[in-house]
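Reassemble the complex: the two chains are provided individually, in unrelated frames, and hints are given to aid placement.
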Amino acid sequence: MSPEELTPRWLDSLIENLAPAELAEEIQGDLFEMFVKDLEVRGVRSARRRYVVNGLGFLFKRFFWKRLSTIPSPVMIRSYFKMASRSLLAHKGTALLNVLGLVVGIAAALVILAVVRFETSFDAFHSNADRIYRVVRVSGEDMSEFRTGVSFPVPIAMKAEIASLENITSMEYFGGAFIEVPDRSGKSVNRFQEETGCVIVEPSFFSIFDFRNAGLKWVSGNPHTALKEPFSVVLTRSMAKKYFGDAEALGQTLRIARKFDFKVTGVMEDLPANTDFPFKVMISYASYASLGGTGRFEDWNSVDDSHCTYVVLPAGMKPAEMEKQIARVHAAHTSEQLHKFRHYLLQPFREQHFDARFGNFNGRTISHETIWALAIIAVFLILTASINYVNLATAQSTLRAREIGLRKVMGGNRRNLVIQFMMETFLIVLAAAFLGLLLSELLLINLQELLNLRISVFHMLDPYTLYRVAAIVFVITVLAGSYPALIVSGFNPVNALKSKFTSVRSGGVSLRKVLVVVQFTITQILVVGTFIVVSQMHFFQDQDMGFNRDAIITMRLPDRSPELLKGLEDQLRAQSFVSQVSLSYTLPSGENRNRSYRDIGKPDANSMKDYVVYEYAPIDDAYLDLYQIRLAAGRNLTMQDSFRYILINETLVKNLALGTPEEAVGKELKMDKELVTVAGVVKDFYSNSLKEGVDNVVMYIHPRNYSVISIKLNTREANGSLPEVVRRVEKIWSSTFPEYIFSYEFFDENVKSFYAQEQKYAQLFQLFSFTFLAIGCLGLYGLIAFIVNRKGKEVAIRKVMGATISNILVLFSREYVQLIAVSFVLAAPIAYYAVDSWLNQFANHIGLHWWMFILPGAAVLVIALLVVTSKSVTAAVTNPVEKLKHE
Amino acid sequence: MPSRIYLGELEELILLIVALLNRDAYGVSIAEELKKQASREISISAIHAVLHRLEEKGFVRSKMGGASAERGGRRKRLFSITSYGRQSLEELRDTRNLIWDLIVKSAS
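Heads up: the protein sequence lines correspond to chains A and B, in order. Here the first sequence stands for residues 1 to 887, where the numbers follow our numbering. Here the second sequence stands for residues 888 to 995, where the numbers follow our numbering.
Since the hints were made in silico from the structure, they are not lab data. Because the structure is a prediction, the values reported are computed rather than measured. Cβ coordinates follow ideal geometry from the N, Cα and C atoms, glycine included. A portion of the hints provided could be inaccurate.
[As the list claims (entries may be wrong)] Okay, the calculated bits of chain B under chain A, using three or more residues with CB under 8 angstroms as the criterion:
id, region
1, 908 to 920
2, 925 to 936
3, 952 to 964
[To be verified] Reference excerpt, derived from the structure (chain A facing chain B, CB under 10 angstroms, subset only):
id, residue
4, Glu26
5, Ile27
6, Gly57
7, Ala286
8, Leu417
[As the list claims (entries may be wrong)] Each computed PhoX-like pair below joins lysine-lysine, with the alpha-carbon atoms no more than 20 angstroms apart:
id, chain 1, residue 1, chain 2, residue 2
9, B, Lys944, A, Lys61
10, B, Lys923, A, Lys37
11, A, Lys871, A, Lys883
12, A, Lys241, A, Lys280
Chain B with its partners taken away, still in its complex shape (with noise of 0.2 angstroms):
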């Protein structure tokens, strides 16, 4: 491992959500996914401060998309997954199942 992967909960469930999402990730679909898959209902504003975290530091890139009318005419900023979050992603569920695989070898 090159370095250590700086990744909080929301974070990584967020990251996990864009890559869901795939090219169709903005604040409020986000949102919606979040409340749909994991039954968490976070405000938006906290959802854009993460992921303008996770755009520092690398994890996804952002983009401005086209207006629509639901919105009043006003643009969505699109995030997608970078391959630097992608691999974070994976690197993190490995250890994961690296640790489960231990603690049901030691629970049996």
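Next up, chain A with everything else stripped away, as it sits in the complex (with noise of 0.2 angstroms):
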């Protein structure tokens, strides 16, 4: 073989393409005299190697470049920056509607990516944020209960049994609590209730939760000292001035739950946004000694899931060997029932954030399959933009024919012209990314509480995003501007001169074609997903979920004793626009409400396994009425049936398998080792969301358990005044309760919060969908607009020969109403697919039919063929005269 051969061909044509002709000859020149000494001397394989590094060192020198003759001068530049801006100028209409359709693209996927990196930041700011684990809880005989309380005990036996454990931290969440800033004489001078934010935790937490990169500092105070004493409390910077106004917080006192008084320690920084840990007021661990009794210390049996343990992990350690030290330490203090039963695991913490099963302290995740699937939607409508332009660019390029050919005469060649039509798509996408990107500005302001974002952790002018619409641009002016250069720069001078191409189908045209099934199936698969997605929706709203729901506010009770409840209920009661007052300890259903869970079984039940769970619901008599739940069999509880009668719902009779309801009436069941009498069954209400199933529910007469008062309002009365039935319900309120802040809540907002997720889907949904077809009808009307003009004189002479308006108007969209039919056979499986698994994880949903398909693409034809007539009509009704008298 000879040395010619053995030369690595690639670089070689690689040195050729990129060098100019002379520099190409005396590099390659040396390269080959190199590489045949090297042959003789190293071996082929060697001398190949150092040919091919050899070669590829010219490509990082500058000279290699600088003599290029095809890198254009600033005069080239220039010059073609003015041809590109004149043709845009020469045809605004294409370039309006190509730009019009980049900036909702880009916007749109700006938007979207900022979601992204909202929800992917979450709490990665902290040092050792991938060694950290939350101990999570999973139990059942299937290991299908997902829960994140752990015992209290746990982490301490953890602690003090497990050598290699790194760090360990516990805290409870209790979300609300009162507090009061007392004065010097110790007399409350202000009060706050708190809904959100406060937390009981370890000194450790800030030693393993440092913020570090988010760079939360300090305002006063020790983090590695504040919360190592009993009764002291850290606020974050925004609640010391709402306690203390600009006063010095340090060394003040809060008062909490009425009885309790801490001593301030510290004040941070708010905590970002971007976090799990939304605390606010953070009071010591060590203070629940004092707070709850030590009780809770030793028994392993009970959980709270608001009490969570986090560990750190040491470097390169497995969570699996750590999960099995854990059950060790568990199975060494409970018994052989319990430890088989539940099972502590890690679960990488910052997962915390997309796991749904678990949750987290913010009440929201967001799983990695919606993250994905935002950022495809994100590639789609770059896509789809894309496509637009294509389509309109090539389109176009018949009518540039004749320029073409004469640049090419007058000596241009095909790079020359490859350039020159780059450079106009890229003004165009960069005039483009700089509207969308105030366009994105724009909406993420708007869009925040949507999209569940915090707009101030980023700024919009930050590399990160200005580095995403660079490469947006990029990506853009590549894949929609090479093709329509490639095309238009090939055009044979000589026919195109002769305008021959204008008869002529070029082979744009089935690309074309391709391109507008493509951008229809993406449009399709969203409109027909968010029609299902928003009937379900109203199927959530309006389906009868066993109780009623108009007209009730509910306020919770600071105080539980009887006689100030009885007081407060008849003063109610006395209101003309009360028609309804009930206290229970919770309410039937809603997002917001107090859930407690206890065993039933039957009275020779002694097993764990012969109980089943029930909702633990104390009532009153008035309850049924006024939530108007159903009695299926029996009677309502009267006040004197006291804990001796019961009445469970239609499911706990089926899991208990007592019979009919009228047989159930009357049996005696087992609960806490005491027996009771079902006195009768209420009919299946939904106390979840309708996303779960009927939970069992006992419900009893139990007057120091109520926790909650619900009013129904008489409507004729209430209505339009209702600021007015709120001031009096308060002043009633606050005079029973005068030392604490009334609040109160409509019901319905409290069923509908079940929902508030999904929602926010559907509203997105329908943003996309109607973004996707908005960009998708822009690029048919440019595509129609073009044809229409092109078409003119054929659609005069049709006139002329006998053509009727709707003849004309059929020609036009023939081809349309075939190219959105095959998209939507396309769009109708992928769709189904989708929205077929989504409605599955609910347990109602509606029923797919076919026509919850065939009536949103319908309706996306129509839209589109009202677009394509809009403007074929006018090329229709034009007299044929005007058109053929030019020539």
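Next comes the structure, spelled out in structure tokens:
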């Protein structure tokens, strides 16, 4: 084999293509000469390697590029720029359509990127974020119950008995608290009801969660010692301002839950918005001994889901190893029945933002799948905007054939033309990106609520965003610009000058069809998906949940003493706008309510599996009437029934196999080792959202356990004067509980908030499908405008020959009806698959029917047809003489 | 001195080699000579880069030579030193000699 055949061909052609001819010759000559010498001394492999290394070396030298005659001089760049902007101005309409489509696409994509960035940034700023794990509780025979609560003794034992544990911290999030600011004499001067943000934490919290890269600073106090002592509290800066104004907060006193005085030992900056620790008032864990008694520290059995434990594993340790250690410790302290049933496992800490099974203190998770779906939609947005550009540019290229031909005849080579076209694309995309950036900023500000976004975290003009914008500009320019540039620059100048292209369908047409189909397939998937998501949301809102939710306001009761509550109830009943009042432990449903679960079984039950878990619901005799929960059998409870008689729901009847509701009435059951009698059976109602099934419920009279009061308003009296009604309720409430702060809630809002997240998705879906439809229609409009223009003469002749207006309209729309029908056929199965799996995660959902696909599909078709006809009708009604006399 | 001469260390070395090789200086021959005389292994692309710089600054001139079989039928670019290049080298040498003399004097 001769040496020529041994050199790597790709490198030769690389140099040949990139370097100007004379430079390529000497470089290749030198490389070859060295290669021949190496071949003798070192052998083929080594010679080839050196050839590649040496050859590639040239690519990194400035002179290699400097002499390239194809790198345009400033004069040439200015000329390209001028040409491009002139041609854009010459085709203003198309340019505008292009820019508009791109602006919408880019802005929407940027908004999505901001959301994706925000969601993936949660709690990434802690130093050892990847080594932190949350201890989670998975229980049940089939390990099907996922919770976060950890029994109090577990972390204590872990700390003492697992040597390899690097660090551990426990906390109990109790959300709201009643907080008073006492003056020097101890009299409370200011009162606040905090609904969220209160937590009890160990001092190690700040050594594990250091918020290092978020730059969290302490205003005063020492993070290492602030929470060591009992009755210490650390506040965020805005809380300190709220309680103490501009006065120094450190050393001041706060009274929490009316009884306990805490000393402020630290003030820190507000925690960033992208953390799942939304803490504002942090109380030292050491206060527990005085707060809840020490009993909880020996109770391995009971769990509270707001008590969580986080651990730091040593570098390199697998979580499974640590899980084994935890299981060992747990087994050493508990009965077999418990530790075979309940398992403490580790969840990577940052997963708490993505894993809905366990949730987090923020009460909001977003699945990885959702984030991926968003990212895919962003890509599709860019794609569909680029498709518009390609379609319009190729369609238009025939118009420009003469220009191209002349350029070529005058000595412009293909490279110049490609550069010119890319330049045009680049200018359009750049303008669109700039406007898109502004629009996205505007959208982000207005959509913060919908997107769960706190924009303050990032600045729009920070390098991250600008890099993304630059990348988007580059990708679209290449994606959208290269195909038209290659097509157009490839025109044969002779044919082009003879205007042969105007009647010939160039290869661009079939590609255009494909692109339109792709575009409308994506759009149809979204539109069909949106239609079904919205239908499901209506189902959630309108479905009868087994109780009445209209015109009911509810208030928490800070004091449970029966005499006080009786007085409150009587005063409220005396109001003309009140039609019913009920006291209870919890509400029949709603996102925000007490939940408590216990065990119930038949009288002969003795082992754990004979019992079923039920929701415990102390009520009064007005409860069923107020919420219109219907009795299936038996009677309502009276206040004299006390603890001896209970109401159960149909699901519990079924789960305990008590027969029919009628048969269940009068049966005895065992609760907490006591026997009770079923007084009545209520029809099932959804105490959870419709996303889940019906739970077992037991209701009974238990006056010492009422914590919420429900008021059914007399709609005729209360109508129109709601603020006045609330004011009067407040007055009565405040005279009963003068030391507390009044707050109320509408029951229907409470139920609605079950679906807050789904509601947001539904709105997002609507936005996205609207965006896609808008971009698609813009593209269609551009295409049809162009075709109508080209076919002016054809239409005129057809009309002269006797074609009617509708003939002409059919002529223009036939093709698009076909394309959109094809895209519907492609979209329907994809949409079916996606929607079906989405619906199946809900226990109660609408059935899928064929018309749910056909209807939105037809709507898209109609909209597209409207766009097409709106433009083609002008051609159809023009007097043919106008078009034909120009010859 | 009319103006200061900007000549890097490698530039000066390669300029010297071009002068030494006299009409037979091109990429590969310079690389080999550099290795022989100065035990320096410089990549061929770096040598080309330096030669282009020297030509830009006017220290060397070049013309295309004849094709040869050992180069796969490709021509080589032959470099020769210009009088400005030679003069600059001499000036540099003189300056150095002057300073060395002073160093020797002050040391003794």
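Can the region 952 to 964 of chain B be counted as covered by chain A under the rule of three residues or more with Cβ-Cβ separation shorter than 8 angstroms?
With 7 residues closer than 8 angstroms to chain A, the region 952 to 964 of chain B meets the three-residue bar; holds.
When the least beta-carbon distance from glycine 57 of chain A to chain B is tested against 10 angstroms, hint result
holds, 3 angstroms
Given isoleucine 27 of chain A was flagged as interface, is its beta-carbon under 10 angstroms from a beta-carbon of chain B?
holds, 7 angstroms
Between the alpha carbons of lysine 241 of chain A and lysine 280 of chain A, is the straight-line distance 20 angstroms or under?
holds, 12 angstroms
Per the CB criterion, is glutamate 26 of chain A less than 10 angstroms away from chain B?
Check passed: Cβ of glutamate 26 of chain A comes within 4 angstroms of chain B, closer than 10 angstroms.
Report holds or violated for the interface hint on leucine 417 of chain A, using the least CB-CB distance to chain B and a cut-off of 10 angstroms.
violated, 31 angstroms
Is lysine 944 of chain B within 20 angstroms of lysine 61 of chain A, Cα to Cα?
holds, 17 angstroms
Has the given pair, lysine 923 of chain B with lysine 37 of chain A, been kept, meaning a C-alpha gap of at most 20 angstroms?
holds, 16 angstroms
Is the hinted pair lysine 871 of chain A and lysine 883 of chain A satisfied, with a Cα-Cα distance of at most 20 angstroms?
holds, 16 angstroms
Coverage criterion applied to the region 925 to 936 of chain B (partner chain A; beta-carbon cut 8 angstroms; 3 residues):
holds (count 6)
Do three or more residues of the region 908 to 920 of chain B come closer than 8 angstroms to chain A, measuring C-beta to C-beta?
holds (count 4)
Holds or violated: alanine 286 of chain A as interface residue toward chain B, Cβ cutoff 10 angstroms?
violated, 68 angstroms
The structure fails hints 7, 8 (numbered hints given earlier, in ascending order).
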